[in-house]
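Undergrad: What follows is each chain in one-letter form.
4 protein chains.
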Amino acid sequence: MKTINVGLIGCGFMGRTHSNAHRRLGNFFKLEHQTVLKAICDFNEEKAKAFALTWGFESVETDWRKLIAREDIDLIEIAAPNNLHAEIAVAAAKAGKMIICEKPLAMDGKQGLAMVKAVEKAGVPNLVSYNYRRIPAVTLAKNLIDEGRLGRIFHYRAKFLQDWTISKDLPQGGDALWRLDAKVAGSGVTGDLLAHCIDTALWLNGDMDRVNAMTETFIKERKHNLTGKIEKVGIDDACAFLARFANGSLATFESTRYARGHKALYTFEINGEHASIAWDLHDLHRLQYFDHRDPGILRGWRSIHVTDGDHPYMGKWWVPGLQVGYEHSFVHQLADFLEGLANNKTTGPTFRDALATQYVCDAVLKSARTGRWEKVSKIRQSS
Amino acid sequence: MKTINVGLIGCGFMGRTHSNAHRRLGNFFKLEHQTVLKAICDFNEEKAKAFALTWGFESVETDWRKLIAREDIDLIEIAAPNNLHAEIAVAAAKAGKMIICEKPLAMDGKQGLAMVKAVEKAGVPNLVSYNYRRIPAVTLAKNLIDEGRLGRIFHYRAKFLQDWTISKDLPQGGDALWRLDAKVAGSGVTGDLLAHCIDTALWLNGDMDRVNAMTETFIKERKHNLTGKIEKVGIDDACAFLARFANGSLATFESTRYARGHKALYTFEINGEHASIAWDLHDLHRLQYFDHRDPGILRGWRSIHVTDGDHPYMGKWWVPGLQVGYEHSFVHQLADFLEGLANNKTTGPTFRDALATQYVCDAVLKSARTGRWEKVSKIRQSS
Amino acid sequence: MKTINVGLIGCGFMGRTHSNAHRRLGNFFKLEHQTVLKAICDFNEEKAKAFALTWGFESVETDWRKLIAREDIDLIEIAAPNNLHAEIAVAAAKAGKMIICEKPLAMDGKQGLAMVKAVEKAGVPNLVSYNYRRIPAVTLAKNLIDEGRLGRIFHYRAKFLQDWTISKDLPQGGDALWRLDAKVAGSGVTGDLLAHCIDTALWLNGDMDRVNAMTETFIKERKHNLTGKIEKVGIDDACAFLARFANGSLATFESTRYARGHKALYTFEINGEHASIAWDLHDLHRLQYFDHRDPGILRGWRSIHVTDGDHPYMGKWWVPGLQVGYEHSFVHQLADFLEGLANNKTTGPTFRDALATQYVCDAVLKSARTGRWEKVSKIRQSS
Amino acid sequence: MKTINVGLIGCGFMGRTHSNAHRRLGNFFKLEHQTVLKAICDFNEEKAKAFALTWGFESVETDWRKLIAREDIDLIEIAAPNNLHAEIAVAAAKAGKMIICEKPLAMDGKQGLAMVKAVEKAGVPNLVSYNYRRIPAVTLAKNLIDEGRLGRIFHYRAKFLQDWTISKDLPQGGDALWRLDAKVAGSGVTGDLLAHCIDTALWLNGDMDRVNAMTETFIKERKHNLTGKIEKVGIDDACAFLARFANGSLATFESTRYARGHKALYTFEINGEHASIAWDLHDLHRLQYFDHRDPGILRGWRSIHVTDGDHPYMGKWWVPGLQVGYEHSFVHQLADFLEGLANNKTTGPTFRDALATQYVCDAVLKSARTGRWEKVSKIRQSS
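Protein chains in written order, with our numbering: chain E, 1289 to 1671; chain G, 1289 to 1671; chain L, 1289 to 1671; chain Z, 1289 to 1671.
Isolated chain E (complex conformation) (with noise of 0.2 Å):
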């Protein structure tokens, strides 16, 4: 069995969310390849030793430089704010370390093909963490449209939906906060949720052409938490979109912070020529499949409860009927990541497949600039 020693940046949610699949993934897959939790690293040390306490981590760093710089670390997961993912990622390749980087990729576009150049250039094996694509009903999803059971595909459309900063009196930024800060996070809803809405479309449906959207702000001002001060608000609280993809479909997108009613849901449907799918997080565990060559009058939408051998991941866990949750998603992921180590395969989404999401999102903003059609950059061959 091969290590790889592991130095994760960031104690946050995704920190603990990354810090699970390591502690897991053992007890239930079994692969070439096992991580140790060598190091933690944020820059609150009281945090950081409180979080390697927590999970185990051998060692606890206060600057990622420093953890980027020991010879004793393979691999560098970065679930630090966007606009540190970057810098930590270019240093991180330069340095030969294999990465894992929460998404989305980077702030923008430009910052990502530097992202991209830096690891390609290095060749060291990359990972973005959009988790979706791997709770087993997308995956399945996936299957069925590799597969061609879906035929000519017409609609794509996906929604995430959030309520949770609808009140005034939610300030902005720092820790849990710095989502709603524009120059720590990049953009709001637009880079937080549907990044993931995009990155499962790209997937299952291949490349955007170009994109028409609109963005809202409905709080324009919120105290600043590190400031102290009522500042201007520099998110998007709200973002919708339509969409044409390269396969003649069509698609709308939207996501917002203010749907009263709804935690985390992430929705998504595709119609095509011969079958149906939906799917959405809030019951993550089904998957909705409508097939037209059903007899006639025995045509319905069916659920399926993800939860069988055979469903994808499924055999690795417990017994038909039985769910997992979200957290699995980086469980697997994790795994295919290390498989992909083992079997020298290069497992999806790579940086290079995460700036394509990184485009769409800057050609989303842009669009709702200037309010019109704007196409989608291309991702050239790197050299």
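Note that these hints are calculated values from the structure, not bench results. Treat the hints with care, since some could be wrong.
Intra- or inter-copy, both count: the list cannot distinguish identical chains.
Subject to a maximum C-alpha distance of 27 Å in a straight line, what follows is the list of computed DSS-like cross-link-like pairs (lysine-lysine) [what the hints assert, rightly or not]:
hint, residue 1, residue 2
1, Lys-1430, Lys-1551
2, Lys-1337, Lys-1551
3, Lys-1335, Lys-1290
4, Lys-1511, Lys-1382
5, Lys-1604, Lys-1335
6, Lys-1354, Lys-1456
7, Lys-1335, Lys-1318
8, Lys-1337, Lys-1604
9, Lys-1430, Lys-1398
10, Lys-1354, Lys-1654
Chain E is already provided as a structure; the job is to place chains G, L and Z on it using the hints.
TA: Relative to the frame of chain E, chains G, L and Z by itself:
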């Protein structure tokens, strides 16, 4: 076109559903026979007159014996309280009238048997209004079973849950509340609600051999609306029973008027070797269907929106996707009855069929008293 | 009781829904006015005669001008294809007839404006049949919004999905297929389906300011049933648009006839500061409601079975728990119109209200051509 | 921090769920006690060694007596087949070990009583793993009932439906199939599945007085994997029973492994005077709640997505909207047990609590034989 003159007895809820069926039939179904609303009969003359005006009955009677004596009446419809069914039906049969009788057939099996003998001796077409058979989704269920899609049946379960009598202040007896008066209704939920469940079950799953039941009256005394006094409540507020069918399947049945949150939730589910089906009255336009022969990874319960032109009865109404409602079941029932007349074909449930349901009810109520398994009486060949 | 003599133009699907409304009205609603089915008009005489027989019209006309000229006609109902609405309506208004017109109001806003001017000049009661407003659950939604239960509205989203034109072999034009013929229908899903979504939205959420749309015609050529030739398809098979309302809320709308698995899935959802509501046509008897003011641990989407006596219109029908269907919306519409006459109260949507919807459709189709945000024309005060 | 050394007996499905609970606990719950996976015990040494490697047990035993004799073991966890529970538990109690035992407690009440006496005499902390109590939605249900939100309870109904033994070719006995072998399992669905339903019911609804049951074995003979011969099947494939609770409520219970379409559908519903609740294992993260005290027009079943920080246990995991799964119930159970130790508080279900469930199972199986109502034995005060 042949004309059938109808004499309807009873101006209550069921009087309305029957009248509506006649009024709507000709607009949607092309049949050899046409019905004419000749006379409405109710002991309350004022009520009968208003009813006649609303529904277009040509005349009013206050004595059902006079109605039956009229030579211009071909078909007697009995929508009077349960305690009147037998006397009216026997008289109508002797007078050579066709009869459509509201369910349950009678106060008990003894009465029911007399009714069966009367109509069979007279040779008059007869039908009992177990209208749920004619909900398109329920008829579809019957067709799927008859086609053998389910294979050997292992389980049948049905419930009919309501919550309208929970308040202690609700009186019993009189007008719309006769269903709470044991002397008029015969029983509580057993005859009112479980009778529906049993009729469907016998239709879909064949003969029932024996039952084991319990009943309960949660509110022991209520004011009686006719006497104005507090009287003991004689009906069963709730009834649940175990059953064994002749085909070897096991069943559970339950009904209550004390299930908070359910207005008229009649549900059934049937589990077969190859497939299962489920239905409920609160979404009566859907049928749930699971087929084990689907490819493993794609198995799931299908929600069939029973609104297509090739679904039972639905070709007569609107276009796919547009629901019909509760009342349409009575239109379908009438259409089937008239079509049977035209084709000289018996349309069920006949009085004889309904007697089988009555015998189950009798056995259920007996078992609730004895605390034992009770055999369901077999229907002897009529002489 | 006052009698209103009806002349109905058109024997198709909508001719049936309108006729049915008249036939059923009096059995359930007690109103000052009573309608009489005086004449049915269709250029196809044979069809008109059969229709008259089925529905009980007293006479048949084959020329709508003759019908309008008849002095014994009080109310003209237009259930003819879209391209005839304007000419008929203007003539009927001039003749002083009341008018109920099928939706969409016209082929475009220009025609629609002429119609508005005509009815307002003539001072005749007028209504456009956006019947979904009168589904009890939709009316309940309106009431909840008017009571202020949702607070400030952030989001509106609506879809109308069908799948009946996916086959390339489906011809266009003629009879029931006129909806596929741009010259007769004006547009495809925009006028046929989105118009419904827009009408509801304007009713529930107020004025729409601007839109940004895309349309697509997936099958470019189809055989035309009238010419027998392969002709270019002029309608939009699919249309999606972004919108901004005057109240500051954002919206997405989408319609298609290429969404496999959906027969007539009209859905809308509205997210407010305090509460959200959602509805869909495939389960039209339910309203989904989420209220943030519920105790935290008990918050959830409520599925309201809109069948109680105190729910809109439902006191007229059966008992709690028993669904009504699609067709009832037309009965409710007619009842409201007649009640308006009796009370000298305008019942919407009037021609003027429907013109607002038409202007949105025009802006949508224009935006689909220009690729830009287009303002929705404001309705000028009629002179 | 105090250390508790664990000796786990059994490497099957339940061995895995228990091991997983220990492995995950410390990452999410901050407790005074910490468990150490000291030893795994299985008569199959090879299997035990592999299991130790996967889950990180420090040592391996093949004789449970030796394990119990080890002084370095504080807590014995019994995840062995049912026929071994009593002997192991009594020995462990005598050795002064804490015990967590898989459900059902024993083969029958007699065995169970001996176990209760043993642990109570020894004064050792003891728990039976009825893990479904610790699904957050189920715990929420308990809290709602304890707060009195439902008022007087009228009805309780529960089912546990599976479909994995329908094929005649499935053998009985040996390894994962011991649940089909009456000599090892004690009973079929009664002890395996209904025991779960009964435990929850006693917890939520109090004592059960008497029951009336039927059982069935659909496939009478199966090949036995250990003998290689066709042998009579001794277990119950299906069991349904009626019950009366001490609080006056009526209940129905049903379980089967022949319900096509259901993998592990455990459902319960409770109807109270004011409110009702419902839950099912296939969507374990939701609780259905209906409150009659809501305003009339807004009453409906709420689907509560039990994933908020103030929902039971959920503050320990991720963020609102993100589901946990089946396995988490074992983590919660272990956390509660350890917290009980720290606070010197008994955590249920104890052996004594589980004996009550056993007595219900005994009465159910007896009633299935006698065909009569059977009283449920009361638990005498232990001496």
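Undergrad: All hints, please: hold or fail.
TA: Do the hints match the structure? See the list:
no. : hint                   : result
1   : Lys-1430 with Lys-1551 : both (25 Å within a copy, 24 Å between copies)
2   : Lys-1337 with Lys-1551 : neither (31 Å within a copy, 44 Å between copies)
3   : Lys-1335 with Lys-1290 : between (30 Å within a copy, 23 Å between copies)
4   : Lys-1511 with Lys-1382 : neither (39 Å within a copy, 63 Å between copies)
5   : Lys-1604 with Lys-1335 : between (33 Å within a copy, 17 Å between copies)
6   : Lys-1354 with Lys-1456 : neither (40 Å within a copy, 64 Å between copies)
7   : Lys-1335 with Lys-1318 : between (32 Å within a copy, 15 Å between copies)
8   : Lys-1337 with Lys-1604 : between (32 Å within a copy, 19 Å between copies)
9   : Lys-1430 with Lys-1398 : neither (29 Å within a copy, 47 Å between copies)
10  : Lys-1354 with Lys-1654 : neither (37 Å within a copy, 58 Å between copies)
Of the hints listed earlier, those the structure fails to meet are numbers 2, 4, 6, 9 and 10, in rising order.
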